[in-house]
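A.B. asks: Here is how the chains run, residue by residue.
Protein chains: 4
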Amino acid sequence: MAAALDRSLKMGMAGGGPRAFIGDVHRRAALLDGGVELVAGAFSSSPRKSRAKGRELGLDPARVYASLEALVAGELARPAGERVDFVSIVTPNHLHFAMARSLLAAGIHVVCEKPMTFDAAEARRLRKLVAQAGCVFALTHNYTGYPMVKLARDLVRSGELGRVRKVVAEYHQGWLATPLERTGMKQARWRTDPRQSGAAGSVGDIGTHAANLAEYVTGQRITAVAADINAFVTRRKLDDDAGVLLRFDGGARGLLSASQVAVGEENGLSLRVYGERGGLRWRQEAPNTLQATSLDGPQQTWSRGQDHVAARSPAAARATRLPSGHPEGFIEAFANVYANVCDTLRARLRGADPDPLALDYPTVDDGLHGMLFIEAVVASARSREKWTRLPRS
Amino acid sequence: MAAALDRSLKMGMAGGGPRAFIGDVHRRAALLDGGVELVAGAFSSSPRKSRAKGRELGLDPARVYASLEALVAGELARPAGERVDFVSIVTPNHLHFAMARSLLAAGIHVVCEKPMTFDAAEARRLRKLVAQAGCVFALTHNYTGYPMVKLARDLVRSGELGRVRKVVAEYHQGWLATPLERTGMKQARWRTDPRQSGAAGSVGDIGTHAANLAEYVTGQRITAVAADINAFVTRRKLDDDAGVLLRFDGGARGLLSASQVAVGEENGLSLRVYGERGGLRWRQEAPNTLQATSLDGPQQTWSRGQDHVAARSPAAARATRLPSGHPEGFIEAFANVYANVCDTLRARLRGADPDPLALDYPTVDDGLHGMLFIEAVVASARSREKWTRLPRS
Amino acid sequence: MAAALDRSLKMGMAGGGPRAFIGDVHRRAALLDGGVELVAGAFSSSPRKSRAKGRELGLDPARVYASLEALVAGELARPAGERVDFVSIVTPNHLHFAMARSLLAAGIHVVCEKPMTFDAAEARRLRKLVAQAGCVFALTHNYTGYPMVKLARDLVRSGELGRVRKVVAEYHQGWLATPLERTGMKQARWRTDPRQSGAAGSVGDIGTHAANLAEYVTGQRITAVAADINAFVTRRKLDDDAGVLLRFDGGARGLLSASQVAVGEENGLSLRVYGERGGLRWRQEAPNTLQATSLDGPQQTWSRGQDHVAARSPAAARATRLPSGHPEGFIEAFANVYANVCDTLRARLRGADPDPLALDYPTVDDGLHGMLFIEAVVASARSREKWTRLPRS
Amino acid sequence: MAAALDRSLKMGMAGGGPRAFIGDVHRRAALLDGGVELVAGAFSSSPRKSRAKGRELGLDPARVYASLEALVAGELARPAGERVDFVSIVTPNHLHFAMARSLLAAGIHVVCEKPMTFDAAEARRLRKLVAQAGCVFALTHNYTGYPMVKLARDLVRSGELGRVRKVVAEYHQGWLATPLERTGMKQARWRTDPRQSGAAGSVGDIGTHAANLAEYVTGQRITAVAADINAFVTRRKLDDDAGVLLRFDGGARGLLSASQVAVGEENGLSLRVYGERGGLRWRQEAPNTLQATSLDGPQQTWSRGQDHVAARSPAAARATRLPSGHPEGFIEAFANVYANVCDTLRARLRGADPDPLALDYPTVDDGLHGMLFIEAVVASARSREKWTRLPRS
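In order, the protein sequences belong to chains A, B, C and D. Numbering-wise (the numbering used here), the first sequence opens with residue 1 and increments by one. Numbering-wise (the numbering used here), the second sequence opens with residue 394 and increments by one. Numbering-wise (the numbering used here), the third sequence opens with residue 787 and increments by one. Numbering-wise (the numbering used here), the fourth sequence opens with residue 1180 and increments by one.
Hint data in this document are derived by calculation from the structure and do not stem from the laboratory. Even for Gly, the Cβ is constructed at its ideal location relative to N, Cα and C. Be aware that one or more of the hints could be misleading.
Only pairs whose alpha carbons sit at most 25 Å apart, straight line, appear in this in silico PhoX-like list of lysine-lysine [stated by the list, open to error]:
#	chain 1	residue 1	chain 2	residue 2
1	A	Lys237	A	Lys186
2	C	Lys972	B	Lys403
3	D	Lys1365	D	Lys1307
4	A	Lys10	D	Lys1416
5	C	Lys972	C	Lys1023
6	A	Lys49	A	Lys10
Negatives, chain C to chain A, calculated, CB over 12 Å [what the hints assert, rightly or not]:
#	residue
7	Ala848
8	Gln1077
9	Pro1142
Not the full set, but computed from the structure, chain C residues with beta-carbon under 7 Å of chain B [unchecked claim]:
#	residue
10	Gly970
11	Met971
12	Glu1071
13	Pro1073
14	Ser1110
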């Protein structure tokens, strides 16, 4: 992780004001490896709150803006080389598209929270805008940043498991088991509000992570779903729980369970993959190991940082900062998305081709696919047909 | 577990010849607590094999029979009081019904392996025969014999979790990941043969256990399924994998995954139940503990044999032979089914009412429900309709 | 486990009356595999209690005795071939020697609870008596009956780990954290009474198991100890906790921790062994797996019942009744001691040499070594010298 | 963690050149929360290597020095307010004292790696120098930075466990199981060289962490040791393994095992504490949870980030950046030491009293105690006396 840093990249942030959660994560993740400075922000639609956050972070007040539009205008007004290189969008979903459009129009690279947009139509439009702008656009499906997820993908890719047959993806949380949104809790409020979140609640917020993780590791795309979604908490307008049967384009079958009412579960994302000759299990809450099984021989526990992991997965090695036994966590995985985005940006700034391993971050295509997944799950849940196919992205 | 034993119960066995697996388990389970003798058997359709097994077990050769019919005739010919009290049927599925019918007709109590019959029609007929005969008929859904499963049920019953919302039941094995049935391996052969197993493979063999476990713990019955079943191994005639969405009569929703091609999984039956106020997790491979969660407070691990377990679940205490920390396993759980069946039989022999806790074993109703589940899953997998309802049992 | 049973072995029991714990375990263990009948007992020094236990077990009242001496006399008075073949001694420690002496004098084989005797002097005398009598004498260090412990030993023996360097043996329980002996609880009372237990409390009751396990797996004998023993509960007369540094005759060094005041621990026996090239970890509370590590490569989890376990350890395979994933527990491990003892007895009754694998049960030599360990630990705890050597057994 | 940052603190570093491990950890940890800038360094005794590291980190070349003395001189030559506020010493042990002395003499605050000095004599002198200088001196016993360690301490402090009786501290690694120092591997070389490490190898490198952890959580100081230390690898000059019996000033007894030849162990630091009414278990490799037991009731798993953790331990809450289920790891724990040091420094710069919770970092007193521990263990290992007392610090 010690690539030469040509110059420090300048980061801006949209969203992430006081009481936000994910904004701080983006900031710590982006800054973890050095070579990135947070220089500008439009942290809140409240100018007062935006300024407060800017002060907390020690930013130049001139670069703390009251809106994304002001940020774009203000930064463009600065000399080239002093402007933000990229902006991270960490607002609720309904704001992503317009913000991304403005940034791309100004030639500013974008890192965006998931789900990518309010609906699939916006996602298709955004994909075109990214292509036209020629900018880097990265989506923070951060869980694929974990080294052991990369090892899992590489073991599948290398044929270790044979053809993948069965996939079980889960993302269970319990924090919305009660009507928390009616207590005024901000995180709960927007996630359960269809005007801010879009067509889905838990399916969009966490189901897309599970689906993305399954696709990343197996290298197969979900083609059809049979879904049952539920809003268990009274008067909740969006789903807080979902069960989905999956079919993949490579012949795998699967189940996906997402829940935000699974009392006592914290951030229980997990994946199991079974192929003809082997199996893999990974749990986000114990992310430094990967379990592997084979037709014969003892079960294996691979551990991040070991030489034999590096030998099988250069991507895992690249995403590793500490020796085995020294736990890396959520921020480091998140930072691995940023590290690859930033290495890609630095290569572009140098006019060079990025290291192919640096291109290993979620893109606008993944974002569009996620939106198609959300809409297919919601449609399936309303349908009397067994299977609902995802349109081609 | 030290109830006075009025007299030793006499056990017979149908099936369980050389190379069989489950017959030995039934015998050890039945005999574990004393007060039961194995006195007769029709261990194989091959008279030679049946005799060989009888010799191995030290049985009186006169009571080792070449067929179930011969066993019934031979035992009825003995003086009352010397006959078998009950017979355990441990053959492949297609033989269960006829054998049970013969036994019931002779007034012999029956313990039967699952799935109960070849199809649901036979199951309905069997239910009538049991009612007519007035005999005890028990089905070895042995996993509900585990004390911590009984604790789980009692915690749900007592309202600890509030209304149950979500259920995830899994049963993953890997032993059929290759075409083992084509190597001549007996266990694999009959399980993958529709003429012996019936309409389903993995769904019948292990899916019914998972479904039964979910129903036992939640106290809710599955009412509808949306299923995808697969035969991943080439030329296999029955499913070796299934994914099923579940709806329950008490409002719970769920997922059930059963697989016999999950490479590296051994006997991975597990259940998670989430209610309004709490959650439970149990894994068959670590059966002596139960994880419990609540809306607040640390996660709890309840451990078999502790006083606080007994206080919450007399059924768990009754099913416990050893202090906590002294692992009990598969045979003990199996023995708990037998212990309750035998206590019920002893009470009947005494003309007394059995302890209500002794009636806690799976019955012909559970067996019929299991057959309806199998047929609904198979029908759903073929249907274009999202949901397939189970008929009322 | 399906050896032909020439004739049923006849078992007697000394001790194990009402409210006893380990007597029932011995009975279930001895009977688990068939081919053994419990026919006689002197269950209690109270004739009334002995009779009550005999009735509970359905024994012939004529063979329920008021004392061990009466049992010996009564059985010898029976025709050869109808007498007990062996007697299991399951009383408090102070009675073991005299009982074993009587049985051996009568030519009756003995299975004896540990620690073997009241003190090392008795143990030396007993060793001579066993040699003179030519009887089988087995000590129930039952934990070495677990298949995965046998696999561990066989991996060490085969040189998989290289020379063993470091051993960490623990046995932590919490049940004596309060003065339970003053509540009248029988199990606590005799274990904390120096007149019944001998020189040590926890060191004798559980420390000897941990020491025996370490020696069994490493194949090295403990030669010297540096010990600190404690009686944390007020007015307790024997140790309830111990920390011991160990030196072994093969050059290994180790630590042994035994405690009966480790609140919340149930039956926490565990062993870790580190050699030049590999390591092993085993926990009694999860006995069906063994963790193995090597200088490179992922950590491995070996699982009882797998083919690759059988290939490395015929002793583990022989001690296995169920397929992997079907948990075996404490009773099965205990039964493995009995199975080997009984196979040895059957071979002797046939005039044949026993299968060498059948000789894998703890003997009077192990018992003597255990007593020397106890006395060395107690002496060390009182000594100002760093190291106390164990005398040669 | 969002305290107002008056001004950014300026950090310097001594050591941490190319191929170093812990220097990068210090830098990431110090910078994780914002409000700290790395501005100066003497990264290596090789001026070339020091400059290379400075370039990699994007430092002003004028503030990249060839020695600590040059750093002190160079920084003192800068205007007040532009100098380094503190310097982190991350060199091998033998250099700590002289560097710390120079910094303190210049009024520069110090963060220092452990073990604190080359020997206890230096440690006593350093303690005086710290007192005279009036500077902050912090030692990176980083493992006490983990929130769940702070919860453990606070549960003990609050009397939850009653009087602590028994402590088991372990720190097992396997990386030195082979003569790695003879391959030229830098980390191995200096750790096994008595001229750089001092009197002890594994005891100083990791044993001191385990001892510090035990003392931090129990609130008791180790007063005497009985030790056996070993150098298992041929020709190794310092211990690579140790077993130690412990006595504490509050009456607790304990065992400490440290090993760097425990093949397959990665960074296996763990602690178990048993008191009269409860027990605690914590493992560094799964640092986000703490197991707690009581005389009755289920075992509990406390999880970092939960409200009930915060309620019992404000120190744990303060040391928490992410919600439960979002793993925090080694860097975050390390950062918690820095966060408290920096908050203390900021308070001093403002002329205010620091938050008492900010004073929760290891001090020169802990460092001296650690050196006394090392020397006592080494002396005990050579002694024929059972117990070696630690001198009063």
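A.B. asks: Hint by hint, note whether the structure agrees.
C.D. replies: Hint check:
1. Lys237/A x Lys186/A: Distance ~16 Å between Lys237/A and Lys186/A Cα, so the pair holds.
2. Lys972/C x Lys403/B: violated (36 Å)
3. Lys1365/D x Lys1307/D: violated (32 Å)
4. Lys10/A x Lys1416/D: violated (50 Å)
5. Lys972/C x Lys1023/C: holds (16 Å)
6. Lys49/A x Lys10/A: Cα-Cα ~22 Å, so holds.
7. Ala848: Given a closest Cβ separation of 53 Å, the condition holds.
8. Gln1077: The claim breaks: Gln1077/C does not keep its Cβ more than 12 Å from every Cβ of chain A (closest is about 9 Å).
9. Pro1142: holds (26 Å)
10. Gly970: This hint is violated: Gly970/C lies away from chain B, its Cβ roughly 17 Å from the closest one there, beyond 7 Å.
11. Met971: violated (12 Å)
12. Glu1071: Since chain B brings a Cβ to about 6 Å from Glu1071/C, closer than 7 Å, the hint holds.
13. Pro1073: Holds - the Cβ of Pro1073/C comes within 7 Å of chain B, reaching about 6 Å at its closest.
14. Ser1110: holds (4 Å)
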